[in-house]
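Q: So the protein sequences, as listed, match chains A and B. Heads up: the first sequence begins at 1 in the working numbering, then just goes up one per residue. Heads up: the second sequence begins at 1 in the working numbering, then just goes up one per residue.
For the record, the hints were derived by calculation from the structure and aren't laboratory data. As the structure is a prediction and not an experimental result, all values here were calculated from the model. The beta-carbon is built from N, C-alpha and C at its ideal position, and this holds for glycine as well. Some hints could be false.
[Unchecked claim] Facing chain A, a subset of chain B residues (Cβ under 7 Å, in silico):
{"hint": "1", "residue": "I26"}
{"hint": "2", "residue": "A28"}
{"hint": "3", "residue": "I31"}
{"hint": "4", "residue": "A226"}
{"hint": "5", "residue": "E227"}
{"hint": "6", "residue": "S239"}
{"hint": "7", "residue": "L272"}
{"hint": "8", "residue": "M273"}
{"hint": "9", "residue": "S275"}
{"hint": "10", "residue": "M317"}
{"hint": "11", "residue": "V321"}
{"hint": "12", "residue": "S324"}
{"hint": "13", "residue": "S328"}
{"hint": "14", "residue": "G330"}
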Amino acid sequence: MINEKPIVQMLNVRKRFGKIQALDNIELAITRGKIIGLLGANGAGKSTLLRHIIGLYLADEGVCITFGTEAGKLGPKELGRIGYVHQEGELLEWMTVKQLIRYVSAYYENWNHELEERYIADFDISTKERVGSLSPGQRQKVTILLAIGFEPELLILDEPASALDPIARSHFLDLLLEIIQDENHTIIISSHILSDVEKVMDHALIMREGRILRDCSFDSLREEFVRATVTSIEGRLPAKLSFENIIEYESNFSKAVITVEKQTQEELEAKAGALNCEIEIRPLSLEEIYRLVVS
Amino acid sequence: MSILCANLKHLYQRRSFWPLGLFFGIIAFGIIGVITEAVTENKQGAFCAPALWVCFAGSFIAALSIDVLTKPFSYCLPGHKDMPRKFLFFVGLLLSFLWSLSFLFYPELNFAKTVLVCLSAFSTFTIFYWLGVWFVFRFRSWFFIFTLFPLLLLGDKPLNISIFIVYSIVESPLRMILLGGLVNFSAWFYWGRPNLAREYCGRLWMGAFDAWNKKKTAKLHQVRLAERDKKKPGSMQISAGAESFFVARISGAKTGGLQQYIWGCLYKSFGLMFSQRKQNWIRFFIVILPMLCFLCYMPGVGKNIIFLMPGIMVAMMSLNVHSSLLISGGRRERFWSALTLAVTTSILITLLVTFLAALTIPLELILPELTIKGVTFVFHALNIKLFFVPLLMIPVTLAICLIFHKKPILAMFCVLFIFQTLFIVNIFRNPMITIEPVQIGPVYIMIMLLFSWTLFVAVLHHICMRRSLVGQGR
């Protein structure tokens, strides 16, 4: 049974860097057992939000509570349950990969050595190489291993797959799905590769200019926007289609492609029937939905 | 606008170069003054001063060229591949020409001879210019050029380098013109080789003002370590012994306890140092000891600088406070481990400096007086009673570096400012200028130590507990 008490809660969080309002009145509650896709353009505030969760940033206003503790006061007990793949890719450059893994694993009693070995084999990581001489892709693989090796309850991934090749990315997504099999685990993934995130996420958080535009399940987001091709059965389409909440519209003589918001399939079909038209409805990809939400 | 003009704009468009331009300008005025004086006082050796100036200017221009060459986009720009050569030649010839005009005022020359000597000076200055350029291209670092400066200054007196250069310019003008021609001819081919752009494109390079860019410095350091490691595998890696020692202590400590993080922080900072082979330590002392002897032979003021140097050197040290590598330590753990690291570093450095100071005491009895060109140099031991200075300086420097974490150049400026002030402030005047015993009583030393460490702890605590630890907000 999934515990619905939020593991991360942000109440009215604001953060400003000079003239930039990085986070603006963020209200958020993250519960267990989900893969949350955190989407937004560069500078939308994704990394800032993630860093607040683990206490690397402190809010100017409002509170961020992670595992029941104010983020600024998180200690080993709480942080030992959080894995973090960071954008900076900061590692200890002078160590070999093997030494680095041994160093990080020394902090965790529950380090899963079996998982470590499997990951090293699957992702083809050379443990004898110096961290400083790894390629960006290899570095990212090592960073991911260090974040998942102790099977954290909350895994925070900030642009985790940007440097991975397509095969490694596919392995990585499989790995996330494997991790989430345990309903006690939660993953927050921030990425610009929407096609990847789409495959795994079940909850969407879309940000723009420090504000959350959408905080809902991915299914409801997918239901919110649909694209329909309306074809007139006889002759020309009417000059004005009577569909509601049309966001995008494109038409020629007898055919129109419309993108609508908050319309059920039944409603659309009924309207099309009334216009003596055929209608073909298809869901939008995450990328298309994202574009509509932020535009 | 021509491509050359666009490149020449770098000379004034980059604001970080303005102070350096000012520096070169002031030195140039100084040289003009010295030459004017030389004309009236018949000290012709001063006429070679521009040679040193163009040499350093050459190094600076080379650094600027490499800055552009390493940017991948410049490789692809049409007509840009030959630009380093054109740029280097344009600036070099112009500067050498301007400085060669100083020989118009060289005393006791007729018109024909003056023209010939000016040409000779022009050729000689281009040689020095290309020396500076070559030095930077060869060693791929701008900073090494400064090692030449003390060598040239020290070598000038016993070897009469300046007199030799001026003598060669004036007395053997044709030879110098020929030599200059050959050097310029070689330079034309060397800096016009087709592979030049490819050799530098995308390479990690420390630009003229990148010493303060910690990220870039660390990256370059890693590249160099990796290169050394490739030559001698395992030499620049942590030893198995040191690794087992630290990892055993981290995993042996109570999970989530402070001890874990303190050991981890010490491992990150000292692991590599403790892994050094015996030869590396011997090499370290081989470098340090002659420098120590040199300092101790210096008359009066300078030698006790060794007690202040650690205070500046720790400015490049990382306390691991601003780190995004998430291990399970929180802000409190960062504070305590950084504090332990600072204390450990201060104690180790103080011990090392005290050891070196102690070493000079028996050396004072053994080492003889040296007489060079009629000047006698006496070896004086370091004033060991100043042993507390690193302990006093290090926390202040670390506090400043924490405050200006995002602007390391400002941090270094502040550190150097304090360093300079200490020379002036009364309490340090006695021990620095004379070789008298320190006049500061133990109570005052304790008060100063307490003050500097309280300042450091307060700053560290504030940053660890109240500030952003990564990214733009730190």
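Q: Can we keep the B/M317 interface hint, with Cβ of chain A closer than 7 Å?
A: violated (15 Å)
Q: Taking 7 Å as the limit, does the beta-carbon of B/V321 come near enough to a beta-carbon in chain A?
A: violated (11 Å)
Q: Please verify that hint: B/M273, Cβ, nearest Cβ of chain A, below 7 Å or not.
A: Hint on B/M273: violated, closest Cβ of chain A at ~11 Å, above 7 Å.
Q: Next item in the hint list is B/A226. Is there a CB on chain A closer than 7 Å to its CB?
A: holds (4 Å)
Q: Given B/A28 as an interface hint, is its Cβ closer than 7 Å to any Cβ of chain A?
A: Where the cut-off is 7 Å and the nearest Cβ of chain A is about 39 Å from B/A28, the hint is violated.
Q: Given a cut of 7 Å on the nearest C-beta pair, is the interface hint for B/S328 held or broken against chain A?
A: It holds, given that the least Cβ distance between B/S328 and chain A is near 4 Å, below 7 Å.
Q: Holds or violated: the hint that B/S275 contacts chain A, with Cβ atoms closer than 7 Å.
A: Since the shortest Cβ distance to chain A is 9 Å, the answer is violated.
Q: With a cut-off of 7 Å, does the beta carbon of B/E227 approach a beta carbon of chain A closely enough for the hint to hold?
A: Violated, because the Cβ-Cβ distance from B/E227 to chain A comes to roughly 9 Å (cut-off 7 Å).
Q: Hold the hint about B/I31 up to the distance rule: shortest CB distance to chain A must be less than 7 Å.
A: violated (44 Å)
Q: Taking the closest Cβ pair, is B/I26 under 7 Å from chain A?
A: violated (35 Å)
Q: May I ask you to test the interface hint for B/S239 with respect to chain A, counting a Cβ-Cβ separation under 7 Å as satisfied?
A: violated (10 Å)
Q: With a cut-off of 7 Å on the beta carbons, see whether B/G330 makes it to chain A.
A: Holds - the Cβ of B/G330 comes within 7 Å of chain A, reaching about 4 Å at its closest.
Going down the numbered hints, you'll see the structure goes against 1, 2, 3, 5, 6, 8, 9, 10 and 11, while the others check out.
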